[in-house]
Amino acid sequence: MEKNNRKGTVLFSKYTRGEGIKKVLSISREDVLFELRESKLKGRGGAGFPTATKWTIVAAAKSDQKYIICNADEGEPGTFKDRVLLLEYPELVFDGMVIAGYTIGATKGIVYLRGEYEYMLKSLEDYLEQMRKDNLLGKNIIGKKGFEFDIEIRLGSGAYVCGEETALIESLEGNRGEARNRPPYPVNTGFMGKPTVVNNVETLASVPHIIAKGGTWFQKHGTDKSTGSKLFSVSGDCGKPGVYELPWGTKISELLKIVGAENTKAVQVGGASGTCIPKSQFERTLAYEDAATGGSIMIFNESRNMLHILKNFMEFFVEESCGQCTPCRIGNTKLLEGVEMIERGEFTFNYVNQLKELGRTMQVASKCGLGQSSPNSFISILENFKDEIFFQNGNGGTHGK
Amino acid sequence: MLVTEKNNMTEEIEELVRRYGRERSSLLPILQSIQRKHKHIPDFAQQEVARLLDIHPVEVFSVISFYSFLNTKPKGRFIVRLCQTISCDLQGKAAVSKAIERELGITFGETTKDNKFTLEYANCVGMCDQGPAMIINERVYFKLTPEKAVQILNELK
Ligand SMILES: Cc1cc2nc3c(=O)[nH]c(=O)nc-3n(C[C@H](O)[C@H](O)[C@H](O)COP(=O)(O)O)c2cc1C
Ligand code: SF4
Ligand code: FES
Numbered sequence: 001m002e003k004n005n006r007k008g009t010v011l012f013s014k015y016t017r018g019e020g021i022k023k024v025l026s027i028s029r030e031d032v033l034f035e036l037r038e039s040k041l042k043g044r045g046g047a048g049f050p051t052a053t054k055w056t057i058v059a060a061a062k063s064d065q066k067y068i069i070c071n072a073d074e075g076e077p078g079t080f081k082d083r084v085l086l087l088e089y090p091e092l093v094f095d096g097m098v099i100a101g102y103t104i105g106a107t108k109g110i111v112y113l114r115g116e117y118e119y120m121l122k123s124l125e126d127y128l129e130q131m132r133k134d135n136l137l138g139k140n141i142i143g144k145k146g147f148e149f150d151i152e153i154r155l156g157s158g159a160y161v162c163g164e165e166t167a168l169i170e171s172l173e174g175n176r177g178e179a180r181n182r183p184p185y186p187v188n189t190g191f192m193g194k195p196t197v198v199n200n201v202e203t204l205a206s207v208p209h210i211i212a213k214g215g216t217w218f219q220k221h222g223t224d225k226s227t228g229s230k231l232f233s234v235s236g237d238c239g240k241p242g243v244y245e246l247p248w249g250t251k252i253s254e255l256l257k258i259v260g261a262e263n264t265k266a267v268q269v270g271g272a273s274g275t276c277i278p279k280s281q282f283e284r285t286l287a288y289e290d291a292a293t294g295g296s297i298m299i300f301n302e303s304r305n306m307l308h309i310l311k312n313f314m315e316f317f318v319e320e321s322c323g324q325c326t327p328c329r330i331g332n333t334k335l336l337e338g339v340e341m342i343e344r345g346e347f348t349f350n351y352v353n354q355l356k357e358l359g360r361t362m363q364v365a366s367k368c369g370l371g372q373s374s375p376n377s378f379i380s381i382l383e384n385f386k387d388e389i390f391f392q393n394g395n396g397g398t399h400g401k
Numbered sequence: 001m002l003v004t005e006k007n008n009m010t011e012e013i014e015e016l017v018r019r020y021g022r023e024r025s026s027l028l029p030i031l032q033s034i035q036r037k038h039k040h041i042p043d044f045a046q047q048e049v050a051r052l053l054d055i056h057p058v059e060v061f062s063v064i065s066f067y068s069f070l071n072t073k074p075k076g077r078f079i080v081r082l083c084q085t086i087s088c089d090l091q092g093k094a095a096v097s098k099a100i101e102r103e104l105g106i107t108f109g110e111t112t113k114d115n116k117f118t119l120e121y122a123n124c125v126g127m128c129d130q131g132p133a134m135i136i137n138e139r140v141y142f143k144l145t146p147e148k149a150v151q152i153l154n155e156l157k
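Residue numbers (the working numbering), protein chains in the order written: chain X, 1 to 401; chain G, 1 to 157.
Read the hints as simulated data drawn from the structure, not as lab findings. Misleading hints may appear alongside valid ones.
Said to hold, decoys possible - Below 25 Å or equal to it, Euclidean Cα-Cα: the simulated PhoX-like pairs (lysine-lysine) are:
{"hint": "1", "chain 1": "G", "residue 1": "K143", "chain 2": "X", "residue 2": "K311"}
{"hint": "2", "chain 1": "X", "residue 1": "K122", "chain 2": "G", "residue 2": "K157"}
{"hint": "3", "chain 1": "X", "residue 1": "K257", "chain 2": "G", "residue 2": "K37"}
{"hint": "4", "chain 1": "X", "residue 1": "K240", "chain 2": "G", "residue 2": "K6"}
{"hint": "5", "chain 1": "X", "residue 1": "K311", "chain 2": "G", "residue 2": "K98"}
{"hint": "6", "chain 1": "X", "residue 1": "K40", "chain 2": "G", "residue 2": "K37"}
{"hint": "7", "chain 1": "G", "residue 1": "K98", "chain 2": "X", "residue 2": "K122"}
As the list claims (entries may be wrong) - Per the computed footprint, the stretches of chain X lying under chain G, defined by three or more beta-carbons under 8 Å from a beta-carbon of chain G, are:
{"hint": "8", "stretch": "21-29"}
{"hint": "9", "stretch": "68-76"}
{"hint": "10", "stretch": "240-246"}
In this text, a Cβ means the ideal position worked out from N, Cα and C, and glycines have one as well.
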């Protein structure tokens, strides 16, 4: 895979390897945290937690060891922008980790790379080796006395839930990737019980730009509540699928035009755990305060069968639920069965409503984000496309014989 | 397992433990290495890993059973994982899977008699913009057509 000539205002703007590291070593930790606060950068992994807050807590913690973890588990259906960052912009991701290490006082960074991305391992390790040779990693980094930092890459083994930060830590510690109760949060009790920052690949990749160009510069992009830009992973029915850097606040309709989508019926924003947005809402904006997303945009045109799409999502959750808690383990199975009943035309509206209620219970009663968000598609697709699913083709649904 | 095989396996695991360390946190990298080489983690290997890391064999089994890329029963030399998630599905995954099944004479979930191929489905492998996609062992293949997919399998030695 070649490094494309990508264009963008923030992440894909000009940056030279090591630039952010050089700058950061000349300023104090407080100044870094100040710039980060100024930038109003929020987590790009989905939850949107302010990055400065996370870093400040860990920077202030007293501990013999701290960790910075780069979450490269990228398992949300329809997401592939971290793949592009790692393959084409490793300097941003790794420089971001070094800057994090300096700021929070960690000597070790770990990249948790999903097993599906093992094909990148060699090139990433070669890249790290070159950084070591150039003293961008290791001891006394580019002459800064006492600053030591290195990065290790660890592989996942095919479990979506391991992208959840506490499940990820369990996995790194050699356990089943089962989510923990939060609190305590990783910033207090993380990897090996030590204060740990877990950040998404794209969050870390934003940091070197903020350090090199300033928090104020970053903040000027996007909207007031969603600063900077976002990488959107666009797939499905459109002329030009791929990764796009767009400012937060871009309208769905604008994005559809940019990617050459026609006759669009629905846009799934945020992957299988996101929501399905019908045509009537295409003027909504992509932003934390409106249609929030970790970047997955899947486009469905008029020819697509929404029930088939929903079934695919529910099969995903049934397979990927870790099974630890009942609402998620049983709930997702029930929702999938419900979809199959609709498909066969063997359902009552009463039961469908009960299932939606079950979905709402799962949203509050599940232990981690997987079970909390898996009913989103179920509820939004059945509500936004009820005409198609229940009425257009008779009560047998679109598959009705 | 033959005695020599057992000895080799023990040596191999000792080497892995030296490389990754005796800590519990080394468990996954050790298991992944065994899996990569043998396409499964046999009972004897599980016992040896447990012994060398000083944990209960049940713990090792429990971890293996959690991860879809680790398995205790043998699989083919080439584990084919075709993405079944929606973007690949809409780009023609069904035709690709049918062609592969026809060509190999097995269905997804099975292994060919000569132990060369195991067919499995995977969830989104991060290639949605260039689907349908599949991963074979550690390599990714994309923009598949039924013909291209079969050709890729045929070229694997
Ligand atoms: C089921 C599940 C899967 C997740 N997968 C990922 C992932 O692949 N990558 C990621 O960065 N965050 C993922 N997250 C979010 C993480 O738990 C965490 O919020 C994030 O890594 C924090 O980084 P950020 O603040 O930079 O966004 C997932 C959450 C859940 C509940
Ligand atoms: S919500 Fe689902 S994935 Fe999360 S802990 Fe419960 S069973 Fe596991
Ligand atoms: S849907 Fe197949 S790679 Fe994402």
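Evaluation of the provided hints:
| no. | hint | verdict |
| --- | --- | --- |
| 1 | G:K143 <-> X:K311 | holds (24 Å) |
| 2 | X:K122 <-> G:K157 | holds (22 Å) |
| 3 | X:K257 <-> G:K37 | violated (47 Å) |
| 4 | X:K240 <-> G:K6 | violated (53 Å) |
| 5 | X:K311 <-> G:K98 | holds (20 Å) |
| 6 | X:K40 <-> G:K37 | violated (46 Å) |
| 7 | G:K98 <-> X:K122 | violated (33 Å) |
| 8 | 21-29 | violated (count 0) |
| 9 | 68-76 | holds (count 3) |
| 10 | 240-246 | holds (count 3) |
In this structure, the hints that do not hold are numbers 3, 4, 6, 7, 8, in rising order.
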